[in-house]
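**Student:** Spelled out from the first residue to the last, the chains are:
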Amino acid sequence: AGCGTNKSSEDGSAPKEGEKKLEDFSIVLDWYPNAIHSFLYTGIEKGYFAEEGLNLVINFPSNVNDGISMPAAGKADIGLYYLQDAILTATEENVPIVSVGALTQSSLNVVVALKDSGISGAKDLKGKKIGYSGTSLSEEQIKSMLENVGLSAEDCQFIDVGFDLMTALTTGQVDATIGNMVNHEVPQLEENGFAINYFYPTEFGVPQAYELVFLAGKDAVEKNPEKIQRFLRACQKSFGDMKENPDESLQILLDNQNAENFPLSKTVEQKSMETLLPVMETPEAPFLHQEVDVWQKNADWLYERGILSQKTDVTPLVVNLVD
Amino acid sequence: MKKNMPSALLVLILLMLWQGVAMGIDAAYILPSPTGILVRLWELRVPLFTVHLPATMGITALGLLISVVLGLLLAIAMDWNPKLEKALYPVIVASQTIPTTAIAPLFILWFGYSIWSKVLVTILMTFFPIAITVFDGFKSTKREMEELLFTYGASKKDVFLKLKLPTALPHFFSAIKMAIPLSVIGAAIAEWLGAQKGLGYFSKRMMTQLDGAGVFAPVVLLSVVAMLTVWVITMIENKTITWRKEL
Amino acid sequence: MKKNMPSALLVLILLMLWQGVAMGIDAAYILPSPTGILVRLWELRVPLFTVHLPATMGITALGLLISVVLGLLLAIAMDWNPKLEKALYPVIVASQTIPTTAIAPLFILWFGYSIWSKVLVTILMTFFPIAITVFDGFKSTKREMEELLFTYGASKKDVFLKLKLPTALPHFFSAIKMAIPLSVIGAAIAEWLGAQKGLGYFSKRMMTQLDGAGVFAPVVLLSVVAMLTVWVITMIENKTITWRKEL
Amino acid sequence: MLRFEGVSFRYPEDELGMMEKLSFQVENGELVAIIGASGCGKSTIFRLINGLEKPDEGKILVDERPIETIKNYSAFMPQKDLLFPWRSIEKNVCLPMELAKVSVEEQGRRTEKVLAQVGLLEYAKKFPKDLSGGMKQRAAFARTLLSGADMLLLDEPFSALDYLTRVEMQEWLLQQWVHYHKTILFITHDVEEAIFLAKRVYIIQDSRPFTEMECIEVPLDYPRNREDLKKAEIVELKESLIGKLRRSVSL
Amino acid sequence: MLRFEGVSFRYPEDELGMMEKLSFQVENGELVAIIGASGCGKSTIFRLINGLEKPDEGKILVDERPIETIKNYSAFMPQKDLLFPWRSIEKNVCLPMELAKVSVEEQGRRTEKVLAQVGLLEYAKKFPKDLSGGMKQRAAFARTLLSGADMLLLDEPFSALDYLTRVEMQEWLLQQWVHYHKTILFITHDVEEAIFLAKRVYIIQDSRPFTEMECIEVPLDYPRNREDLKKAEIVELKESLIGKLRRSVSL
Ligand SMILES: Nc1ncnc2c1ncn2[C@@H]1O[C@H](COP(=O)(O)OP(=O)(O)OP(=O)(O)O)[C@@H](O)[C@H]1O
Ligand SMILES: Nc1ncnc2c1ncn2[C@@H]1O[C@H](COP(=O)(O)OP(=O)(O)OP(=O)(O)O)[C@@H](O)[C@H]1O
Ligand SMILES: Cc1ncc(C[n+]2csc(CCO)c2C)c(N)n1
Ligand SMILES: [Mg+2]
Ligand SMILES: [Mg+2]
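Protein chains in written order, with our numbering: chain A, 1 to 323; chain B, 1 to 247; chain C, 1 to 247; chain D, 1 to 251; chain E, 1 to 251.
Among the clues, some could well be false.
Covered stretches of chain E, as calculated for chain C (at least 3 residues, CB under 8 Å) [to be verified]:
| id | region |
| --- | --- |
| 1 | 74–86 |
| 2 | 93–104 |
To give an idea of the interface, some chain D residues facing chain B are shown, with a C-beta separation under 7 Å as derived from the structure [to be verified]:
| id | residue |
| --- | --- |
| 3 | N50 |
| 4 | L52 |
| 5 | K54 |
| 6 | N72 |
| 7 | F76 |
| 8 | L82 |
| 9 | P85 |
| 10 | C94 |
| 11 | P96 |
| 12 | L99 |
| 13 | S147 |
No lab work stands behind these hints, which were simulated from the structure alone. Quick caveat: nothing in here was measured; it's all calculated off a predicted structure. Virtual Cβ for every residue (Gly too), placed ideally from N, Cα, C.
Construct the entire structure; sequences and hints are all you get.
**Tutor:** Printed below as a string of structure tokens:
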């Protein structure tokens, strides 16, 4: 294993020796595999990636931001990450990254609290302990929600709980968490017998966004766009299967799950799938489609909130490689 | 000053190398340059020095203090009573092999996000090395000297005070010097598990934002503080122990 | 066997206490009971033993090996050349104060999810203590003995082989025994930072699911392995070093 | 009174026993020398008296009480100086008094006196590593004298001293003995020293294990004079003692 | 040939110098004794010859070459035994030969022979801690003899030995000397020993710093006989030597 500074040379220029020899293509997920990732497993199972000459290697993130840092450092071909965080990191830290596709057309991120806590909207968050995954935007989202309802965020406590969003909430370590997915955490908590309240940050002034986007290294996209195109094509094909036959797709996911590590509940994932399918592809936008406009709106909002230090044109961040 | 020249030179060369490589890579989120780190340290001086440094220092100081007291007590107890030694020593050695960091998340369930969950991690990291090193120090007293004291009718306490304590003193210093970095590591780990302030927390936060220089700034701060402490202790040691090669 | 009785008894009492408290709390995610952990260990035996244990052992073994080799080489080099010592020793001591864990997330950016990012953390945790302890061992040779060898016309190499090496041997053993638990902790930390397998990783995942017994199962496994290794090394040490109190 | 009653002893490392059913006794206030070939077991006898080794068989009594039951009955000057490197000479000499809880002023007084007598006053503040071999031996001797015990066990106390210093130390020891009338056992390789100092001389002979020690009375009264050593009977005694020293080692 | 040329030396810890402008010389193949009061600086002279201390002034030459430029010219037997605790007696004795790259068989042969001569053959496999004080001293002596150097420096080599063992060791040393004709310097407190062994005796007198050593020729030829010591002139010499030993210490 080498020290990877000359990142693109290994990935980009591997010669294709016919159909047999598959090229490794590594992806870093945003979270542990769940329904939203079904299409990837389906694609592997059905050989769609192999058809494109790719051997898809799925990595789970070990840090919350691996989805952006690994492709940026050239240690992965693609990563799944959150749109607003991607804008922030890419512009503020000059991380050479571009988005090559959107996974969902709307936000899924919700604030969750136990019913007992009496938190049912942004106004109740004042002075509470709020757990988040360490993405700095979560803090800003809470603050902006509070200000949106005319409160100040002064005495909110933010606690970085990493991947332990659900446990921090259920064990009473925090009063509310942000960074839960409406499709997964919500039904999961309900199935586990917790009565919860949840609400979207978008209800309180945070702009709609493609929750998750595919990020690739700028270099890699410029030097070898074709490789990523192949990946995206296979994804689209896989998503087609997922849409056609969600149960089969889910089953493949469940078969591939790492039960000892992150067991999935079939009923929860079924609910999740129901929530997801309508937002991953809409009548207006096909799967993976993204509009620079949505990006720009978010960037402008970030600037207004004082999070982005400059007004930024995000056009270079968005590259549509397939349609 | 003069005798530190070679070392200063080496550090300088290493820093220059680092700077060179960092400038070559030119991606602060992969490897920030030393100058970049310094700049960031300056920019962040207010939160770092007023909030995060005190928080981490509090954890390490408290943790170290408790560890030293506990470790010494345990070492003394084991030296005092062979039964206790037989019972405790293997357990201590064994307990040292427990990867405390792995169960550290549980501490948060026990103590919440209070300082104690972090102090506990620090204690668990430093307590065992101190106890064992000091105890080994007690054990390494010269047999013949112990016998001599015994013939003077020395009580156990006398043997302890007059012979074992001086013999173990160098070990005690080594233990402290070993424990300081460990306590810092312990605190950094603890702050990862969940904290609202502290240099470890700060560093992690910067990592999430891929702010490489920001990751290093608190690390540099922490190790400067640790270095100073180790240096002070070495000074005290050199003043105290003049007979190392004569025993 | 018999001489381990007190220790076995103590462990038993502690375990029973633990069991009692755990049953009192009756919330495995806060404090699992020892029996619960054993049951879980049994249930999880296949993935633990076939996947995660080998992964972690690989990291620690590789890390330790490199650390020992590097640490010894460095200690020898510093002993060999006073200039090197002057240059390196302060740097090594200082570098020990760097909370490596805090910058460890960067290693993943350097080495990706390969084993090397984890091995690096392990090395950084164990390398310095080994180098320093062994070097201190070299330094603690008795002055008069060194002088004697010198009058025999011993070369530097001779003094090293005939005097310093035997003198430092006990230090070497201490260093190894200290490094083993540290390497395990290092591996556990590294696996936290990013891994797809390994006992530390496994334990962390179990935490996310609030499976308290599942958190402890790999921890128990790890420390049993570490304990066995330390035990083996202690056996070797006792066979080798019969003159500790005579020097 | 010190009494060995049928004491047997063997070092676990050795095949042959050291001594078997050894009995002898030393009265209170006696000054007794032990001589014998190198490695014959002299130091071992001291180790037994001090309780540093346990007899395999038999009893060792001091004032009719088994030594296991009493404390502080003897002061031992070992063959090696065993000065503590972290204590100055002064502090080293104080050690037994510290243990006996002697007041600090008293310690200071006695230390000063004894250091003057062994000729180390100007070295009081130095550390053992700065002293010559003979000086260290004198410091160890001074330390032993200041322990309050009634029985002194001296293992080759003057071996590293030059002739004159040695003679002075011997004379000084005799004075001390006459003054305080402590029981003194000492090991020496210097037959003349044994005769000059001791009332009785025990000789360990070569057989291994040895079962008895021959005892020879020195026909001199105290106070003694160096000139006495030139008396014909004493010169003869000396020759006969040397003759009696059969080595257990085969050269 | 060993020559001191105006050597001055002072331990940094001391105020007073140890020696000043000291000059003397020892011919190759000579056997020379050094006597002097305890703490007068005898061991220090050996440390200087060995290069363990550097003279503040003056030169020390061996065979006309400054000692800094040569190696392996002397074998030193220190006052303490300094046996390595991790080596058996056998291995301890081998040490200088290992350093001189003597073949293993040769080492074995010589070790066995010398151990037999010092009466430690059956202790060859034992470790230092299992030996008596005198035995350790003999082991250290054996070790020194086996170092190949042409000049032996013996610091009180026989101080811990009983009279008979000591006499035998002395005689054996003389034999060795006659046989190999090495240069031997030894420190002793036993004036008789000095006279019996040495051709010349250096006496260090009390003034501090000392500037010269008085040299006395022993009027005896080699090989010598113990009986010679009873000659009137030798007895007289002995008395006069003792008379000359002025202590530098004030008792
Ligand atoms: N390492 C040292 N550092 C400082 N002073 C020392 C050192 N070694 C010896 N001295 C001093 O030097 C003087 C002479 O010491 P040296 O060992 O040469 O005496 P010596 O003639 O061998 O005496 P002895 O017969 O008692 O062994 C002593 O007064 C001692 O205090
Ligand atoms: N700790 C020990 N372990 C094993 N054997 C020992 C130990 N100490 C001494 N011996 C053995 O016991 C014998 C007698 O030793 P001791 O020290 O009593 O002799 P010594 O008469 O004092 O001789 P010296 O005059 O040489 O000091 C020796 O043969 C030695 O090998
Ligand atoms: C199933 C599932 N649960 C939680 C997250 C984490 N997450 C969702 S939104 C958000 C905040 C981004 O600023 C975070 C951390 C996920 N990715 N997938
Ligand atoms: Mg003895
Ligand atoms: Mg001397």
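**Student:** All hints are to be evaluated individually against the structure, with a verdict given for each.
**Tutor:** Structure-based check of each hint:
no.: 1; hint: 74–86; in the structure: holds (count 9)
no.: 2; hint: 93–104; in the structure: holds (count 5)
no.: 3; hint: N50; in the structure: 5 Å, holds
no.: 4; hint: L52; in the structure: 5 Å, holds
no.: 5; hint: K54; in the structure: 13 Å, violated
no.: 6; hint: N72; in the structure: 3 Å, holds
no.: 7; hint: F76; in the structure: 4 Å, holds
no.: 8; hint: L82; in the structure: 5 Å, holds
no.: 9; hint: P85; in the structure: 4 Å, holds
no.: 10; hint: C94; in the structure: 10 Å, violated
no.: 11; hint: P96; in the structure: 5 Å, holds
no.: 12; hint: L99; in the structure: 5 Å, holds
no.: 13; hint: S147; in the structure: 5 Å, holds
Comparing the model with each numbered hint stated earlier shows that hints 5, 10 do not hold.
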